Amino acid sequence: MSTVQAPIWEFYGGIHLPDHKAESTRRPIAIAPLPHRLVLPLQQHIGEMAEPVVQVGEQVLKGQIVAEARGRVSAPIHATSSGRVVEIGEHRIPHPSGLDAPCVVIETDGEDRWAELPAPWPDYTAHHPDELIERIHWAGIVGLGGATFPTSAKLATGEAKPIHTLILNGAECEPYISCDDMLMRERADRVIAGMQVLLHILGARECLIGIEDNKPEAIAAMRQALDDAGVSQARVVVVPTKYPSGSEKQLIRLLTGHEVPHGGLPADLGLLCQNVATSAAVANAVLDGQPLISRIVTLTGQGISEPQNVEARIGTLVTKLIAFAGGYTPALHRLIVGGPMMGFTLHNDHVPLTKGCNCLLAASAAESPDPPKPAPCIRCGRCADVCPARLLPQQLYWYAHARDFDKVQDYNLFDCIECGCCSHVCPSHIPLVQYYRFAKTEIWNQERERRKSDLARQRHEARLARLERLERERKERLRKKKEALEKKPKGATDDPKKAAIEAAMKRVAAKKAARQEAADGAGVSANTSSED
Amino acid sequence: MLQAILVITGLAITFGLLLGYASVRFRVEGDPIVDQIDALLPQTQCGQCGYAGCRPYAEAIAAGEAEINRCPPGGETTMVALADLLGRDPVPLEDQEAAEKPKSVALIIEKDCIGCTLCIQACPVDAIVGAPKQMHTVIAEECTGCELCIPPCPVECIVMVPVKPSLETWRWPSPDEENLLETGT
Ligand code: SF4
Ligand code: SF4
Ligand code: SF4
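First to last, the sequence lines map onto chains A and B. Using this note's numbering, read the first sequence as starting at 1 and increasing by one per residue. Using this note's numbering, read the second sequence as starting at 1 and increasing by one per residue.
Same shape as in the complex, but just chain B (with noise of 0.2 Å):
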């Protein structure tokens, strides 16, 4: 009896010790749920939803002062998953006609641009090359459409464009849409 009491009283020592040691040794930098969050947010980092950016929203959200659905870039689709991941109702996008432009990424009228570093400055992804006085170009690929730089410049030569649909981006019609699409016609 004795000896069972004590092998028992050593094994949760022991264990405590483990777990204890291993708290400090493995502890998560960051906090976990932020992370998650903000890797379903689409990153367009574009402020939208109120916040400076995505992160800060992820941050914002997961301390439950922001609701999950002010993000229009991400649309339905990241509302859903953000329920699901924080085990919260969907709820109605807040700008449902944001939510629902088509992608876009930005362009520089080449000729008007006086090469002033504004937009530059504004890019919160770096997708914009030029240097003070030169002509400045937009790298398409990483253009996350967020619209900064637009009022930044100068002279308005920055134009929105819409991403035109290409073979690698096209995907097959749900017969859902299909349908609406025929009893709206």
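The following block holds chain A by itself, in its conformation from the complex (with noise of 0.2 Å):
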């Protein structure tokens, strides 16, 4: 049954790449030795940052919770090794900015020792779904793909959304990654033990998962493991290696001839894609009570030593997983947090292994070679043709160096999946995705000033509305208490000015009247001594 191939649909653009996964499959997963450090980022997903719930001095255990998540899109970070904590505070992370963010910085003990952990649900069935995406949740799990969206907040979509297919994300279609390929070869069954927790969750009636065809020892295990627990109703779906395969919506697309609308969700289709490893992390979680502490990343490159996958422990920084594998060579030009095409340069590599970080590239100038000059954008086209998207990266691009962000979103900035297809083909070598980062980026950041700027107007209009009652009742106080003063003097002019100027008259004509008799009495020296 699993070996029927389904129809291959093709998806728009895309190109083929040289895949050089070879380097770093020759050896089995490795694991990584525990480090004396462990680096915890308190935001390694999409959404709000967790909130850490320990102090410094404080002892943890491996699977302890660190930081909380803040709300539903959000990720628990738990401590991946026992020990104590003795840092939280701001240390460099993996992100293209090198900027440093807040991190609890753990000491290890060597002990390893487990927290006490949420019970083992074999018998997942018997548990409503509910609580299973609350254990994923509990668990810190993410879309270990790189996108490291919360898996239970996408699990939560399918609520509102009935979902009949699951789709299983092994294409692995960026060059050199090999760190899927490797977890489907050698851990296959913890992968369709977790793909079966997700069909319970969604209630979905079928899973595809797509492999791409080089790939082959992989599509074997995983058909293999699929027999082996009797599964009927998911089946490998080989796909062409064409870049980006992998990406969500041209899986979908290949997988099911369907197109994802714009702006719409795969989940708008009955869709729901999750990546292999999510789904082994998925399998953890529920069926042992085992929070997500490692992950398998792959080193590689020709500036490594000894290319090869391992699994690490998150935290672990990246000098160690270096040294471990063997070391830099003399060739490193380069070291690309990711794959070639969307990845980013890391300029420092005393940073952590994060959740989404499933490939350390220490490349050579040859495999990474310095950009050269761009040149005027000669319109020859090929940019559009290769764009899975669709998008014509050359208005994007015009739009974008023009800072036009209006007209730029006009041409569906946003549906940009970055895929840098558009700029691996440019014959004038326009960095074309670097445009559209900054665009997105910008943009962004221009809606938040935007949203900071309403508020300050609000307070302000708020603060203008205070003042003006505070004044209105100033003069409200000083009407009455003139009224009160006017309700005193009997028989006195009506008018309270009026009243005013004459008792002063009064008091003058007095004192004049005074002073005259005084003058008449005691003479002229004495005059000035009257006065007051």
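Note that these hints are calculated values from the structure, not bench results. Possibly wrong hints are sitting among the right ones.
Said to hold, decoys possible - Reference listing, derived: stretches of chain B covered by chain A, where coverage requires no fewer than 3 residues with Cβ under 8 Å from a Cβ of chain A:
no.	region
1	40-50
2	125-133
3	158-170
Unchecked claim - With a straight-line cut-off of 27 Å between C-alpha atoms, the simulated BS3-like cross-links for lysine-lysine are:
no.	chain 1	residue 1	chain 2	residue 2
4	A	440	A	452
5	A	440	B	103
6	A	452	B	103
7	A	497	A	480
8	A	497	A	511
9	A	249	A	407
10	A	249	A	440
11	B	101	A	452
12	B	164	B	111
13	B	164	A	452
14	A	440	B	164
15	A	487	A	498
16	A	407	A	440
17	A	440	B	101
18	A	452	A	407
As the list claims (entries may be wrong) - Counterexamples of contact, computed for chain B against chain A with all Cβ distances above 10 Å:
no.	residue
19	21
20	70
21	108
22	154
Computed from a predicted structure; not experimentally measured. A virtual CB, placed ideally from N, CA and C, is assigned to each residue, including glycine.
Please assemble the complex out of the two chains, which come individually in their own frames, going by the hints.
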């Protein structure tokens, strides 16, 4: 059953790239040694940053939550080994900005002792999907293909929209990266076990597992695991090797023939996509009650001595991983997080391994040459031919360059998946994706500024209203006072002003009279003394 | 023929009445163009434009009394947005230097604060909390960086600190900026 090949559709655009997977798949997955220091960034997922719940100096156990999720679109962070919290503060993280971000730092005690874990649920079908989603949320599982969207939040969307087909993404289309390949070769049973849990949660009737045809071992292992588990509603679908087949919308097109509509979600079509490594993590969380504390990461490139895949604790420093793989070679030119197409350059290797980091590519100058100086666009249209999102990259480039952010959105900038196909084929070597990344983040920034200024306007208007009210109240008080004064002198003129003037005139007249009398009696010399 | 004339006249009267009624019933409060201009201004309320705040400046622009290049916190972006909105030509900023100042927020050096409340009275967005003879604090998230609280402070305990770039506010540089950097160094 599982060997029947479903019809394969094609997706628009894309490119063929040398896959460079062989380098890192020659050895089995190695287990990286437990480091002395674990640096756990509080933001390893899309959504709200986790909130630390431990103190400096506190002893923690493996699997204990050190930072709680803030809301549903967030994920908790667990201690990935036992030890002592030595610092909660800013630390360099793997991010294109090179900025520091809040982290919990643990000094490990080498005992690697587990905290008390929730009960394993081998009989997961006895549990309600909500309970299982809650367990996955607790386990801190995020999309391990690199997207890092909290898995529980993604599964919860399936509640609003019924999902009939689960798609497991084992395409792994980006060159050099092989962690999913090795996972499927060695631990296919885990992936399938997680898939069964996911099918139960979603109530989906079938599962399609998409794997590129350059991974025959993984395909065979997954088919074997399906047979062993006796699952009939799932099948492996072999897709041709073409970048970016592993991108969600492209894989959906390949497997089902459906196009996810502009601005829509796969769930609108009754589909939900999960990475194979995420599926294995779900199996660990539900069947064994274990949170996400480690991941498989590909260490590869000519800049590293022993390319391979290692399973390492989240929070292990990149330097330690590189050292474990025999260190750098003199060929090292650039260290990249992720693959050569979508990854970013790391300027400092004292950063921790995070949940979303699937590959460290220590590239040589030949593997990742410095881009030549860009020339003007010749309007050849090649970028548009390869764009899997069917965009017009040269138009997007033009408007991003001109900072016309309305126009660039009219050309559907936010449909761009940043695959880098356009930049790759551009004969003028224009760093097209760079422009789109800039434009997207600049638009987000401007929106944030807009929200801030709206708030400032409200606060300013509230202040003006308050000042006006206070002024009104002050006037009101004055008026009341005057009225009260007015009532006292009976028989006087109606007008308080006139009354006041009259009273003053009377006083002056009395004074004058008194002075006159004094002057008459005591002579001119006493005149000044009677002045007051 | 007569019938047609009557029908058309009837229609004209009906629609005339309808429109007349609508213009009274649904009259727009305030001046929409001022609102639109105000929406583009950064709401720092700093007065660097020479007006008592963003809205007065918006009113002056709408009345044609002020150029669109006088708001340093808004910088080039705001000027261009105003030019777009009003169909005017972009003009160079009046005070380029002020526009290039990094975004900052006020910070009260709390040990020096004497609790005079003068800064509270100066803050256009009520971003300072405190009470007479008590230490005062700036709520950094609400501070627009207008610097209006600085001159009134009798003990000069308010300083402006540049906002540190964070993961939230970080953005990818444009390749144009990078090229500038490369040729500049
Ligand atoms: S591929 Fe490059 S040169 Fe050709 S149209 Fe696109 S941006 Fe222009
Ligand atoms: S990076 Fe964006 S614009 Fe370029 S090919 Fe990929 S999806 Fe299209
Ligand atoms: S200069 Fe200051 S007060 Fe004037 S519009 Fe700009 S932010 Fe508002």
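| task | For the pair supplied as a hint, residue 164(B) and residue 111(B), confirm whether the alpha-carbon distance does not exceed 27 Å. | result | With Cα atoms ~23 Å apart, residue 164(B) and residue 111(B) stay inside 27 Å; holds.
| message | Is the listed coverage of the region 125-133 of chain B by chain A valid when you require three or more residues with a beta carbon under 8 Å from a beta carbon of that chain? | response | holds (count 3)
| query | For the region 40-50 of chain B, do at least 3 residues have a Cβ located nearer than 8 Å to some Cβ of chain A? | reply | Result for this restraint: holds, n = 5.
| query | Within a Cα-Cα threshold of 27 Å, do residue 452(A) and residue 103(B) meet the stated pairing? | reply | Holds, because 13 Å separates the two Cα atoms, which is no more than 27 Å.
| query | Looking at residue 70(B) again, its CB stays over 10 Å from all of chain A? | reply | holds (17 Å)
| said: Tell me if the straight-line CA distance from residue 487(A) to residue 498(A) falls inside 27 Å. | reply: holds (14 Å)
| task | Would you check the hint for residue 101(B) and residue 452(A), treating anything up to 27 Å between C-alpha atoms as holding? | result | With a Cα-Cα distance of about 19 Å, the restraint between residue 101(B) and residue 452(A) holds, given a limit of 27 Å.
| Distance restraint between residue 407(A) and residue 440(A), which requires alpha-carbon spacing of 27 Å or less | With a Cα-Cα distance of about 13 Å, the restraint between residue 407(A) and residue 440(A) holds, given a limit of 27 Å.
| Straight-line alpha-carbon gap residue 497(A) to residue 511(A), limit 27 Å | holds (21 Å)
| request: Quick one: work out the minimum CB distance from residue 21(B) to chain A and report holds if it exceeds 10 Å, violated otherwise. | output: Non-interface label stands for residue 21(B): nearest chain A Cβ at 32 Å, farther than 10 Å.
| message | For a C-alpha distance cap of 27 Å, please report whether residue 249(A) and residue 440(A) respect it. | response | holds (20 Å)
| task | Say whether it holds or is violated: residue 154(B) keeps its Cβ farther than 10 Å from all Cβ of chain A. | result | holds (22 Å)
In summary, the structure agrees with every hint in the numbered list given earlier.
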